[in-house]
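Work the whole structure out from these sequences, hints included.
Protein chains in written order, with full-length UniProt numbering: chain A, 1 to 349; chain B, 1 to 349.
Just so you know, the hints here were simulated from the structure itself, not pulled from any lab data. There may be inaccurate statements among the hints.
FRET-style restraints, in silico, Cβ to Cβ [stated by the list, open to error]:
#, chain 1, residue 1, chain 2, residue 2, range
1, A, Glu332, B, Thr104, 30 to 38 Å
2, B, Arg58, A, Leu113, 37 to 45 Å
3, B, Asn45, A, Ala27, 23 to 31 Å
4, B, Glu62, A, Thr331, 27 to 35 Å
5, B, Arg197, A, Pro97, 27 to 35 Å
6, B, Asn45, A, Arg31, 30 to 38 Å
7, A, Ser36, B, Gly127, 26 to 34 Å
8, A, Glu171, B, His61, 28 to 36 Å
9, A, Thr331, B, Glu66, 25 to 33 Å
10, B, His61, A, Glu311, 43 to 51 Å
11, B, Arg324, A, Ser36, 35 to 43 Å
Idealized CB from N, CA, C, for every residue including glycine.
2 protein chains.
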Amino acid sequence: MPYVMVQIPRTPAPPSPAPSRSVPTSADVARLAGVSRATVSYVLNNTSAVRISEPTRRRVHEAAKELGYVPHAAARSLRAGHSRMVLIPAPTFPVGPLYHRFLTDLQGALGSLDYTVVQYGTGGPHGDEAARAWAELRPVAVLVPGSGLGPRGVAVLKRSGARAVVTLGPETIEGAHALLMDHDVVGHSAGSHLYDRGRRRIGVVVPQEPGLEAFSAPRLDGVRQSLRGTDATVAELPLPYDEEAAAHLAARWRSLGLDAVFTYNDEYAMLLMRALEDEGVRIPEETAVIGADDLMLGRLLRPRLSTVRLELPSGRELAELVDRAVRKPGTEPETHKVLGATVLHRESS
Amino acid sequence: MPYVMVQIPRTPAPPSPAPSRSVPTSADVARLAGVSRATVSYVLNNTSAVRISEPTRRRVHEAAKELGYVPHAAARSLRAGHSRMVLIPAPTFPVGPLYHRFLTDLQGALGSLDYTVVQYGTGGPHGDEAARAWAELRPVAVLVPGSGLGPRGVAVLKRSGARAVVTLGPETIEGAHALLMDHDVVGHSAGSHLYDRGRRRIGVVVPQEPGLEAFSAPRLDGVRQSLRGTDATVAELPLPYDEEAAAHLAARWRSLGLDAVFTYNDEYAMLLMRALEDEGVRIPEETAVIGADDLMLGRLLRPRLSTVRLELPSGRELAELVDRAVRKPGTEPETHKVLGATVLHRESS
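Below is the structure:
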């Protein structure tokens, strides 16, 4: 049944409540509760600086509920001079389960510090131009995954009132705090493991999908670093994520004379292992294979796939760094290395 | 190398530009460009209603650039009475590549209609309580994936000024436009396919992960519907996503007397196929297998996995529905069925 977007009739529903004539304001709440607008603001914004009696608080909350009033975050931030909004541009690269968990964790931690996290959609402008679009929302902090933001973008954000700009990527950017996710540690772990297993002619798969260079280049570098000064050699193997390309690489595999391969990640490992198997290349006897990411599929492959597991710090640690930076916007940008890696040795290497 | 969050010293950088004393305002831009604040506002907000000469426009843009001024979206929306912000709460379920592409596409389409798309982070409040948090940002439209929002949440959003609330899920909610993603079509396609292949005792895997019931229940229903009035039977197979549970199910497979299984999706198919293979169950001779989602891994399995491919409408169609709803907030909520499904028959069924 191919897709068609059809409008379908609704089953008759009870009549919806008549729409209110206008959006309720804090003045309406004040009138109904019999208090001043300032009192409404103190109660609904949970200001602890002002003492307000419990019955008054209750009256304000009940009036707000009755009218369906919710505070206006933007108006509040205009009054306060800054918002509690932490803006996180959606990453432009495909997101794996590790990063997804990490982001969920971070958002929870920022939420418990009373920040509102919004992710800014992709598909819009890029680089410093994107920074201007983000600045229009006047976030108090911006957490930028991946690369792409330059020092000019950081300056635009700061001039618009952002107290902290934090990048989460392979490099430091002038003016911004950096959580360095240096993927060379992943390649380094894979290279050392293969060397320790006695392998000396090591291939490294380099995906050809746009957006992955920021990860694949440092992973390749890491393998090179781990083998520097040894008798091992490294061969770069460009590979798009499709079966035909994998079959083509597998067909000339024996002429390459490799005894091991680091496949960038577990999904590329599955792709290449299938193609090598179809060519009769024995794993790990002829060629050892190691992936990265520790996906479930690696445990389901035969031989079971060795992999590099990535580790990220807890969301709480990063949320506290953001909070510290917001409170002391004048301090020097900090740089933290945040990516760890562990080899899980299974049957393929 | 296990993870440690270490602060590392920065390489000395050139001194950063001194932070400006304060955030530049449109008044600063007006002063530098020698025009009124209203003119600045007309130019930077691209108002077509007012004619402004090209040299004046250029002067305003240059002054804004020199001062690093960007308009304040919130202030603008306070003046206009509404924003151009479309808020999309981040889904609480794990997102596959299909949904990710769909969301990117939709965001691009909304962006080209001059909406700003923000995704609201997960990990915060749930249900109608979440609706209050979203309302604080005063979006002009809210697009809610999954279930969880009730009629009260819709009412809160509308009272806060949201002109359109659109749900993207398995059911219609009173007061909201509904893009019905009714997953019964997926199960229906799988069930019909297995029946047409001559199978009569059909198992349906039901994942045990929280958050997946909204998809797994209608998929199971769809299989049942497709076989209603025939001589085929349906058996529900609860299965958590882990190897031990799969091995346990496979060990008692032959006692279940099934000749086919729809595995909910391709990842569960891989999990169960591995376990069945380890038990010596021949696929498809003894048991036909079909997954869903058309992931790459299905093509790499042996036998190659049959699957149900899901289809969603283009982002442009949905963006236009949102835009229409924003322009005519008084009209009756619309319901559209948006999920399509096609069987890709390979070797496993």
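Quick rundown of the hints versus the structure:
Evaluation of the 30 to 38 Å hint for Glu332 of chain A and Thr104 of chain B yields a pass: the beta carbon distance comes to about 36 Å. Checked against the hint of 37 to 45 Å, the pair Arg58 of chain B and Leu113 of chain A passes, with Cβ atoms roughly 44 Å apart. Judged by the Cβ atoms, the range 23 to 31 Å given for Asn45 of chain B and Ala27 of chain A holds: they are separated by roughly 27 Å. Taking the beta carbon of each, Glu62 of chain B and Thr331 of chain A are about 33 Å apart, inside 27 to 35 Å as hinted.
Taken as a hint, the range 27 to 35 Å holds for the pair Arg197 of chain B and Pro97 of chain A, whose Cβ atoms sit roughly 33 Å apart. A C-beta distance of roughly 33 Å is found between Asn45 of chain B and Arg31 of chain A, which places it inside the suggested range of 30 to 38 Å. The given range of 26 to 34 Å is respected by Ser36 of chain A and Gly127 of chain B, whose C-beta atoms sit roughly 32 Å from each other. As the Cβ distance of Glu171 of chain A to His61 of chain B is approximately 31 Å, the hint placing it in 28 to 36 Å holds.
Distance hint for Thr331 of chain A and Glu66 of chain B: a CB-CB separation of about 28 Å, consistent with the stated range 25 to 33 Å. Checked against the given bound of 43 to 51 Å, the beta carbons of His61 of chain B and Glu311 of chain A, roughly 46 Å apart, stay inside it. Restraint check, Arg324 of chain B to Ser36 of chain A: a C-beta distance of roughly 42 Å satisfies the suggested window 35 to 43 Å.
Checked against the numbered hints given earlier, this structure breaks none of them.
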